[in-house]
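Asker: Residue strings, one per chain:
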Amino acid sequence: MLELEDCSFTYPSMRVPAFRLSGSVRWKCGEVVVVSGECGSGKTTLAKLISGIIPLFEAGVFEGDIRINGKLINQLTPEERIKLVGCVLEDSDLHIFTTSVWDEMTLGSLSLNKDAEEIAGQSERELQSWQLLEKKEKHPLELSGGERQRLAIASIMARSPKIMVLDNPFSQLDMRNRQSLREKLIKYAHGGNNLVVLLLPEGEQADFADRLFSLEGGELQPFRPHGDVHSETLQRSRNKSQPESVVLTAESLEFVYPDNTKALNGVNLEIRKGTWVTITGENGSGKSTLLKILAGVLQPQKGKIWLNGKDVKGWLTKERARIMQMLFQDINPQVLCPTIWELSILPSKIVGQISDKSRENNLKKCLESSELYNRKDSDPFNLRISERQLLLLISLLFAAPLVLLLDEPFSRMSRREQEIAALWLNEFCEEGGTILCTSHGGLPIRWHDIEFRMVDGCLVETEMTKK
Amino acid sequence: MGCPSCGGDFRIKGMLFYFSERSLLRKINPCALLSTLIMVNLISFYVSRGVVIATMVLMIGSAWVSKLELRTWRLILPLMTGFLFIITIGYFFFSQISSGVMLWKYPWGDFVTTGTFIAMMDVALRYLVCAMATVLFLANVRESELIALFQSLRFPGLVLWTFALIFRSVGLLVSDFERIIEVLRGRGVGFRKTSLPEGFTLLRNILWAFMVSAFVRMDGLNQTLYLRGIRKPITPITTRKLSWTWLDIGIILFNLLIILWFLRN
Ligand SMILES: Nc1ncnc2c1ncn2[C@@H]1O[C@H](COP(=O)(O)OP(=O)(O)O)[C@@H](O)[C@H]1O
Ligand SMILES: [Mg+2]
Chain A
1 MLELEDCSFT
11 YPSMRVPAFR
21 LSGSVRWKCG
31 EVVVVSGECG
41 SGKTTLAKLI
51 SGIIPLFEAG
61 VFEGDIRING
71 KLINQLTPEE
81 RIKLVGCVLE
91 DSDLHIFTTS
101 VWDEMTLGSL
111 SLNKDAEEIA
121 GQSERELQSW
131 QLLEKKEKHP
141 LELSGGERQR
151 LAIASIMARS
161 PKIMVLDNPF
171 SQLDMRNRQS
181 LREKLIKYAH
191 GGNNLVVLLL
201 PEGEQADFAD
211 RLFSLEGGEL
221 QPFRPHGDVH
231 SETLQRSRNK
241 SQPESVVLTA
251 ESLEFVYPDN
261 TKALNGVNLE
271 IRKGTWVTIT
281 GENGSGKSTL
291 LKILAGVLQP
301 QKGKIWLNGK
311 DVKGWLTKER
321 ARIMQMLFQD
331 INPQVLCPTI
341 WELSILPSKI
351 VGQISDKSRE
361 NNLKKCLESS
371 ELYNRKDSDP
381 FNLRISERQL
391 LLLISLLFAA
401 PLVLLLDEPF
411 SRMSRREQEI
421 AALWLNEFCE
431 EGGTILCTSH
441 GGLPIRWHDI
451 EFRMVDGCLV
461 ETEMTKK
Chain B
1001 MGCPSCGGDF
1011 RIKGMLFYFS
1021 ERSLLRKINP
1031 CALLSTLIMV
1041 NLISFYVSRG
1051 VVIATMVLMI
1061 GSAWVSKLEL
1071 RTWRLILPLM
1081 TGFLFIITIG
1091 YFFFSQISSG
1101 VMLWKYPWGD
1111 FVTTGTFIAM
1121 MDVALRYLVC
1131 AMATVLFLAN
1141 VRESELIALF
1151 QSLRFPGLVL
1161 WTFALIFRSV
1171 GLLVSDFERI
1181 IEVLRGRGVG
1191 FRKTSLPEGF
1201 TLLRNILWAF
1211 MVSAFVRMDG
1221 LNQTLYLRGI
1231 RKPITPITTR
1241 KLSWTWLDIG
1251 IILFNLLIIL
1261 WFLRN
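Keeping their order, the protein sequence lines are chains A and B.
Each step along the first sequence adds one to the number in my numbering, with nothing skipped, and position 131 is 131.
Position in the second sequence (from 1) plus 1000 gives the number in my numbering.
Misleading hints may appear alongside valid ones.
List of simulated lysine-lysine pairs, BS3-like, C-alpha gap at most 27 Å [claimed, not checked]:
hint	chain 1	residue 1	chain 2	residue 2
1	B	1232	A	83
2	B	1232	A	71
3	B	1027	A	136
4	B	1241	A	83
5	A	262	B	1027
6	A	187	A	162
7	A	136	B	1067
8	B	1232	A	114
9	A	114	B	1241
10	B	1232	A	162
11	B	1067	A	262
12	A	136	B	1232
13	A	349	A	365
14	B	1067	A	302
To give an idea of the interface, some chain A residues facing chain B are shown, with a C-beta separation under 8 Å as derived from the structure [as the list claims (entries may be wrong)]:
hint	residue
15	56
16	111
17	321
18	350
These are calculated hints, taken from the structure and not from any lab test.
Bear in mind that the values here come from a model prediction, so they are computed numbers and not experimental data.
For every residue, glycine included, the Cβ atom is placed at its ideal position computed from N, Cα and C.
Same shape as in the complex, but just chain A (with noise of 0.2 Å):
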């Protein structure tokens, strides 16, 4: 059972709380508690409150109570505490410690007293469930995006903690493996009498909860519908002019990683300048495969790739990237510059574009519009996630390439961020360039032209292509 009470936790860097609470909230075992708010809104940090990494790795000022199972949080060590919390931080990523599936999901397990028989068999049953025993010998970062988010859930849950708390579990995640986490957290919750508290994004599908709450500015309140205008999807009112010539053509594409894991299976695309194409799959199809091979990072081992008109074979990486640029899905290894500034203008600087005073105007309007300009000199490790992949959104854009490879470009933005930048790529759009963007289905916006799937490697067309 987790209590709060009267609590504020301010950032020695803020001088509002990051997150508020006036009055208490008892959540029971047994229970689903969803917490929504924007991003930015104090989720992760509510997170971190109660697994304990504030205060024992981030500091500032606490007061209040938080009593787990009754007892106060100070009157419990570290290591009391952690086995009654688990959780899972959104950038999970940055909590990989070992160098394969297998070893990463038995790390959990392995500081409970078990003998080492049991924990392997039961890690062997978990991954199964998971759908990952047959990736068991990866590397974790030669997983996809959403299975390397189910792997970070399913190795603390592993743990079987009574409280275990999610920041934004379903991000990475296709419709299927959702449902699949709703079920499996329901069933943790009320089969085995845990609470589980879910931080989710404004927007996200949460009636599966027992208790709702919303967090606005950090504060932490009963929920409160908002507008519908949420639960639709953000439709784009494009004139379609006669057709353009054609930009990007791919023909049987495959692809096989050096650990013989067979990524594309032929491919074959055809990207009509000024369109907006959207590639949406399951985890794990080899939509981000496709796009690192299109942007010349990966070379295929059978295929051919024309931009232009013209065979990239050849190309020197700086002619290509002047005219294609990608956004990849993971967002960290992206961040190459020490100041917000300098990231947002090193790709148009690598590419030897000439800057002048409209464009730059331009870069400002948009780092102001998403309130990055004003911490331009600032470190972008210091922005949410999802700023961070707003500001690379930018950088790129400021790049003025003539197609933009986007991977999962809105999977960890919030509604509103998301429609800041559909609102940019759409004007992108009708300048005449061309988007290639992937989605693991699940996102409101479809402001695409154009949508093409991705079944295990190869692509097919959907309804909306052949209209």
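Go by the hints and put chain B with the ligands onto chain A.
Answerer: Chain B with the ligands alone, transformed into the frame defined by chain A:
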């Protein structure tokens, strides 16, 4: 273990290289492999040239059976070349080997004879054998097996954890580094044709990104250990167990005998 989508031959990412699970060397226990590595490194400087060459041939053979990719060798090529270069310089300019015909003398007193060349090749060959043995070893063991090995040898917890932290963070950092390079390539950085100032900015970006990712990783590491309830020197590190066969024990005994014999002489 097979995987349906890859036709059965599943390759695994080891510490630095990919290796095939079907490789013959994988059938040998890491402990036996380690003892062989130590043995080869120790004796390669004492045995006659013929034996060294035989060892080399043997190793090329085992690289063949372990289906080691050529790519693997390419990775260590720069290191090896650098090493051979140092040896060459050392022998060429700073040695006094008096066998053979005197060729020329330097003002600082060192000289070169025909014997210098032979000695140089000899030493280079021996180092090459050591390097190859190390690569073969690294290419066929993964770090969790090494840790399991140390765990089964009952190393104290502190040593185990130090090993584990080093091995694993190096493994992760290497992967992070690869991902950074991927991103840079996507952004249009060609690593072949860059001018000097461009190269400089590039280097700065890589270093920065790498440092940050290392820093962020290390920061995450402590949290990870905490979140999984691990207390550093106390909790065991791996559930992996080594499998032993008579072949392994035979190999170890054989290596031990040779090592002892050489130490006595
Ligand atoms: N670096 C890698 N090494 C080996 N296998 C990989 C790597 N990256 C992805 N894979 C595998 O390739 C398949 C496709 O992955 P990916 O393209 O990332 O899928 P998606 O983006 O559609 O979720 C998955 O089975 C995944 O496990
Ligand atoms: Mg992906």
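Asker: Run every hint past the structure and note whether it holds.
Answerer: Here is what the structure says about each hint:
no., hint, in the structure
1, B/1232 to A/83, "holds, 15 Å"
2, B/1232 to A/71, "holds, 26 Å"
3, B/1027 to A/136, "holds, 19 Å"
4, B/1241 to A/83, "holds, 26 Å"
5, A/262 to B/1027, "holds, 26 Å"
6, A/187 to A/162, "holds, 13 Å"
7, A/136 to B/1067, "holds, 22 Å"
8, B/1232 to A/114, "holds, 17 Å"
9, A/114 to B/1241, "holds, 15 Å"
10, B/1232 to A/162, "holds, 23 Å"
11, B/1067 to A/262, "holds, 19 Å"
12, A/136 to B/1232, "holds, 25 Å"
13, A/349 to A/365, "holds, 19 Å"
14, B/1067 to A/302, "holds, 23 Å"
15, 56, "holds, 6 Å"
16, 111, "holds, 4 Å"
17, 321, "holds, 3 Å"
18, 350, "holds, 5 Å"
When held up to the earlier numbered hints, the structure conflicts with none and fits them all.
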